[in-house]
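With the UniProt record's numbering, the residue at position 334 of the sequence shown is 334, and numbering never jumps.
I should point out that these hints are in silico values taken from the structure, not numbers from a laboratory. Note that the structure is a prediction, hence the values are computed from the model and not measured. Heads up, a few of these hints could be off.
[Claimed, not checked] Computed list of lysine-lysine pairs in DSS-like fashion (alpha-carbon distance at most 30 Å, straight line):
hint	residue 1	residue 2
1	Lys357	Lys397
2	Lys807	Lys357
3	Lys442	Lys513
4	Lys639	Lys685
5	Lys495	Lys710
6	Lys128	Lys567
7	Lys469	Lys495
8	Lys357	Lys734
9	Lys128	Lys250
[Said to hold, decoys possible] Label-pair ranges, simulated between beta-carbon atoms:
hint	residue 1	residue 2	range
10	Glu888	Thr499	41 to 51 Å
11	Glu622	Arg409	22 to 32 Å
12	Arg226	Ala117	43 to 53 Å
13	Thr499	Arg226	16 to 26 Å
14	Lys639	Arg459	19 to 29 Å
Just so it is clear, CB atoms sit at the ideal spot from N, CA and C, and this is done for glycine as well.
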Amino acid sequence: MPLLLYPFSACVPPPRALLRRLSPPPPMAAVAPPPPAVRILPSVGALDLPPLPPPATDDFHWLDLFAFLNSPADTYHQIPPRGGEEEELEAGLELELELELERHAEVERQRERARKAQHRRQRQRQVKAETEAWARAAEEYREIEREMLDRRLAPALPYVKSLFVGWFEPLRDAIARDQDVQRRKRVKHVYAKYLLLLPADKVAVIVMHKMMGLLMSSKDGTGSARVVQAAHCIGEAVEREFKVQTFFQKSRKKKDQSVNDPALEKEQAKCRKHVKSLVRRRKMSDAQKLVQQELELEEWGTEAQVKLGTRLIELLLDSAFVQSPADQTPDSSPDIRPAFKHVLRQPIIENGRLKKKHWVIECDHLVHEGFESTARYVDIPYLPMLVPPKKWKGYDKGGHLFLPSYIMRTHGVKDQKDAIKSVPRKQLRKVFEALDILGSTKWRVNRRVHDVVETIWSRGGGIAGLVGKTNIPLPERPESEDPDEVQKWKWSLKKAKKTNRELHAERCDTELKLSVARKMREEDGFYYPHNLDFRGRAYPMHPHLSHLGSDLCRGVLEYAEGRPLGKSGLCWLKIHLANKYGGGVEKLSHEGKLEFVENQLLDIFDSAENPVDGNCWWINAEDPFQCLAACMDLSDALKSSSPYRAVSHLPIHQMGAVAVNLVPGEKPADIYSEIASRVLDVVRKDSLKDPATNPNASLARVLVDQVDRKLVKQTVMTSVYGVTYIGARQQITKRLQEKGLITDDKLLYDVSCYATRVTLDALGQMFQSARGIMAWLGDCAKMIASINQPVKWMSPVGLPVVQPYKKYKNYMIRTSLQCLALRREGDAIAIQWQKAAFPPNFVHSLDSSHMMMTAIACKEAGLHFAGVHDSFWVHACDVDQMNQILREQFVELYSMPILENLLEEFQESFPTLEFPPCPPQGNFNVREVLTSTYFFN
């Protein structure tokens, strides 16, 4: 090894900072000191060397030498001197680094300011959407009126909007006159104080839009609504608008006061302290009064809502008219008639039930014909929010910014409302947190899928699950006067008209969904605030377009934030596509599903590139629009330069298994096929018997070729929730009607009854242990209800559940339009209803608890979670992690002694009752689900 022939003296090791100046040890290729002073010799040996002057120790450090001696011989370079120039360079580098960090921090601050400014703008838009919707509509109609007066001609408006414009002025004036009359009266009507709370123009808009929205959303498609239903809907909408405006104005006033009056916050704190003091002293009524005075938003009650609503309906009947198209002769007078009529409906039998005679509000057929284009002009309440919902902090504290929002859909049941209000806030922490997580998931409209939907809809629909825009033809009257033929024609005519009404209702519903999609299409993202039913199941508060809805809704929605697929995400995207295609593919193993997708790649690419005019492979899927969205996502990924890095916005679904797949298996077990096989065996045996001695033989011969998985699927699915015989019969009847092989109504009914009995027997044989637990739950419920108490329990996440089933009492009220019968919650418990409903409701409360626990755990893991009861959704790249989380939460939940805890709770609540012991349970190890591939799939 070459040696540097410099004598050197020991020196003190340098400070740590100097190590940073030795960027990497100098590559020492060769040392070239001044030729006259230094020579490098190959070896030392016995040579006599002249002494050399020592180097300046200020410029040469021991670490330099150490690095020099440990570097490769062929990389020696001259060690640069350390002096003022290097220190200046070093200071300049440090300054440049500091400036770069400061520039980066400033960019981040600018982004944060832009984000906050965007959030403020979106919040302002949300506030206006919640507080100014009716006012904007009224102003629009006033502007159209002014334009008509200025130009002396009617503007070119869509048909339905022209109806609204024509009704607005006379209805507004009628309401204003009634308000003036009520102000001058000494003895006012009951509804008067509520009628005077809002301006006449705003009330008029509410009445028109609510009435049209109610009529077009009627499920039977008749264009009519019960008077009591319409009155309650309109009265409730007026109350809601008044509360929104009161709360909005008060919050603005308080905000202004808080700026100018620092003592306001102190005063509010004093008020809160007073309320807490009253609560501690158990003076609940005084505390409620104080809080109510602070809110100024007391409940109106159903009776007040209905009386106000009927008066406004009466004014609408007198103010709204329609005119027939201009096809009359010049000499004839114009055909102007009321747009709405007050009609008495005669008793009819519908779905096997007698519907008593009742009064309805019915629209003219000219109005009815315009329903399918009405949705875009009708105000839709509780639209998705542009900003994250308020966090839940109490029964009515959370959700929308100003629209009244309640954490539980109590439907007026006092016991449920009192139960959730009485629970300490700390106990509901998990419930609040889970709802906040569901509400904070950001969605957007999948524009490519939405474009496909709009194209198909504009061409008449009728494919991919979309309802067609044409009615079925009505049968012609037979030429023969044979009574049997005429009667048969009448039944066929009645059935065809009913089908057309149902098609009309479906078209209206589709138009409502698409109307929301059009309104939200250009938004970067939006949110769905969630609340609960009394069992704890979570629902989006928006009623039309949400991920809880049909295949159309789910296909049109996607996550606003995308994530790279990764290797596992690409596999899950393919599995998701196969599941949505269905047709038996969903029963394959994961490997089988991946192979199916690989074999269909050409069709998948064609579906993504040319979904409407191509081969349209996706249309044959069971969930066509969700399948199409998956085709587009997968096509984008596979055609990109790096499929694993492709960004996906698609939520991937993991569905909970029904009574199967708890233990590991090579492929998903299919309980539906198993039950169908058992049913088919029984039906085949019965079909071979003699009809003369066995009445089921003839029915079995009709049914034998129609038994399949789809026939029994819904009944099996709902059996764990305690489906009744009537419910199961209706489900099977609908499946047989879809097949269309049985045209005689009586025969259809008889075959459905037979198929239902056989299916329920097969279920009972397969799930004997589960039936025993359900029977025990029913017995406990019957004992509790027998002492006139509702069944109530605490879910595993701390939610109080109270079954609302009581016997209702009818009472009459007199309104300005007619006498109406209202229902009031009675004191007597409906024993049979409490017993039958408890098993399914208890199972629902467990399912909802599992979903909430999973949502919280996924949030802690950084996943974007969405849930639809027992179907959990995340990005494709996060499916593996969520699968592990949901299994762990399932084990945590069902490791609890659930039935024992329930029995103990019953015994504490009802100490005078002797409940039967818990039924024996099996020996299944719940931890096996941790390794079950198809437990959720």
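Agreement of Lys357 and Lys397 with the hint, judged by alpha carbon distance not exceeding 30 Å: At roughly 41 Å apart (the allowed maximum being 30 Å), Lys397 and Lys357 break the hint.
Is the straight-line distance between the alpha-carbon of Lys807 and that of Lys357 30 Å or less? The given pair, whose Cα atoms are some 22 Å apart, holds under the 30 Å limit.
Regarding the pair Lys495 and Lys710, is the alpha-carbon distance no greater than 30 Å? Holds. Lys495 to Lys710 sits at ~24 Å (cutoff 30 Å).
Next pair to validate is Lys357 with Lys734; report whether the Cα-Cα distance is within 30 Å. holds (27 Å)
Does 43 to 53 Å hold as the CB distance between Arg226 and Ala117, or does it fail? Given about 49 Å between the Cβ atoms, the range holds.
I want to verify a distance hint. Is the separation of the beta carbons of Glu622 and Arg409 within 22 to 32 Å? The hinted range 22 to 32 Å holds for Glu622 and Arg409, with Cβ atoms some 30 Å apart.
Lying within 16 to 26 Å: is that true of the beta-carbon distance Thr499 to Arg226? holds (23 Å)
Consistency of beta-carbon spacing, Arg459 to Lys639, with hint 19 to 29 Å: holds (28 Å)
Restraint check for Lys639 with Lys685, where alpha carbons must lie at most 30 Å apart: violated (55 Å)
Has the given pair, Lys128 with Lys567, been kept, meaning a C-alpha gap of at most 30 Å? Status violated; Cα separation ~44 Å.
Under the criterion that the straight-line Cα-Cα distance not exceed 30 Å, is the pair Lys128, Lys250 satisfied? Distance ~15 Å between Lys128 and Lys250 Cα, so the pair holds.
For a C-alpha distance cap of 30 Å, please report whether Lys442 and Lys513 respect it. holds (19 Å)
Checked against the numbered hints above, the structure breaks hints 1, 4 and 6 and satisfies the rest.
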